[in-house]
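Using the sequences provided together with the hints, build the complete structure.
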Amino acid sequence: MTDAVVQVRGLVKSYGGARAVDDLDLTIERGEVFALLGPNGAGKSTTVEILEGFRTRDGGEVSVLGIDPIMATRSWRERVGLMLQSTSPRSFLTAREALTHATALYSHPRDVDETLAAVGLTDKADEKPQELSGGQRRRLDVALAVIGRPELIFLDEPTTGFDPEARRQFWRLIESLTDDGTTVVLTTHYLDEADHLADRIGILARGRLVALDTPAGLRSLATGARVSWSEDGVTRTETTTGPSALLRDLLARHDGEVPGLEVVHPSLEDVYLDLIGQTADAGAES
Amino acid sequence: MTADRFVVEVKEFMRSREQMIFIFFFPMIFLALFGAIFNTDDLYGTGVSFGQYFLAGMIASGMLNTGFQSLAISISIDRSEDVLKRIHATPLPPTAYFFGKILQVLAVSVVQIALLIVMGVLLFDVTLPPDAWHWFTFAWVFILGLACSTAWGIATSSLLRNGKAASAILTPVVLVLQFTSGVFFVFTELPTWLQRFAEIFPLKWLAQGMRAVFLPEQFEAAEAAGSWQLPLIAVMLTVWLVAGLVISARTFRWLRLDDR
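Each protein sequence line maps, in turn, to chains A and B. The first sequence begins at 1 in the working numbering and counts up one residue at a time. The second sequence begins at 1 in the working numbering and counts up one residue at a time.
Derived by calculation from the structure, the hints in this document are not laboratory data. Treat the numbers as computed from the prediction; the structure is a model and nothing was measured. Some clues are possibly wrong.
[To be verified] Here are the computed lysine-lysine pairs in the BS3-like style, where the Cα-Cα straight-line distance is at most 25 Å:
1. B:Lys11 / A:Lys128
2. A:Lys128 / B:Lys164
3. B:Lys164 / B:Lys11
This is the structure in structure tokens:
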């Protein structure tokens, strides 16, 4: 509570009767990288656009950097950097020109050439967005989001449509740009992205927060283990909360090696699917 | 920040082939073309050539292109493509955005009109306004007309829901106004009902104001009302300007209609 950058209490947003965000509570502390993770349509982008000051809400209290974002002022905008979900459109300005003009808007902007270098666009600085690849355009979007040295950065599904290698490069970029205490709010539907980048992950499903923890904390939600082995030529699998006892029993029944023995702890992905699956079963059809 | 926005706006305008051809050079192309086709050189025995009449009309029409048509299309495309959303996400003051646009329109219009006048002098023996009074008339008709055109460009951008359709919707509107307002044809040669129709809209008054500046005194009697009607021009343009400003202020939005 002491140094919360984002505080949300009872946030509600409906579209034509359907609740996109349903009584959401959230606190994001200064300096943390927070991921809102969830399947498409879970309410991630609606939530983030309300925090960014673009969308109105139907209920609840929202405070971002101390003010209600729907009343966003110029000085507030100067402290917030945005990377929208949509990629930067075609433009008549080159990457360098767009960044240079953006520096005029902020009191302590980053250096244009350094920022271009940081996002790996030095060689493409004089190209227009439509001459860049999708990934390069997203990197230009990052550069525009950080050019004003914001305290808080929103990244709305930054790597959708990237191949795995491009995604990893992009993560390294985000890490390099955010190691100076900047608060980052990231939305993603990629579990590995949230796991890799975030200090804490909030999992959204049908407009509700179904889990909120560190990646390690979420992993520890995974209870039990799946033990499988081969017996009389048949593969047998048991899920148990006490794998050691089962193993002791197996070892007692076998001389030497237990054929095909495998002990698998559930992955973060299993936890995630379980969490959003549970709500999907319990929730009404929308 | 306004100066910086102005530079951005001018760069974007000059690098856009559509804007340069269909907004900036269009009146010049038409001036040369229509001036050559309709080579009447003595309208109503006043010694005024169609080329001279047409110059005043093309100046007025150019102001309609540069303010109204250009802004309505470009702003609605910028809204559709989230360009306005991105601008709104920065600390840029809205006033700097709008003044950047207004200054860009002003700069383009001044250059455009200067080139049209040079063409008029070289091709149609137009004589420049002889005294300060005529230049004073030019100044207020120009400022009021361009303000009106700009305000309606911004207002119309909010009324058009889809940026891609903006050009297709507006081009016929502008063409109808040009054909009925004494731009492509001499106003007094139109059927009376068409004259009444055109009198509702500002382009007719803007063109008439420019004729008061660029045509000799003896043409005044050949106008539809037998007079330049300068006070009425001021009233009509002001009414349209105020309406345009009110609609702009009430309807302007940074986000797409489906994005809130």
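Hint check results:
Taking the CA atoms of Lys11 of chain B and Lys128 of chain A, the gap is about 13 Å. The hint holds against a cut of 25 Å. Simply put, Lys128 of chain A and Lys164 of chain B have alpha-carbon atoms about 21 Å apart, close enough for the 25 Å limit, and the pair holds. A threshold of 25 Å between alpha carbons decides the hint, and for Lys164 of chain B with Lys11 of chain B the separation of about 22 Å falls inside it, so the pair holds.
In the structure shown, no violation is registered for any of the earlier numbered hints.
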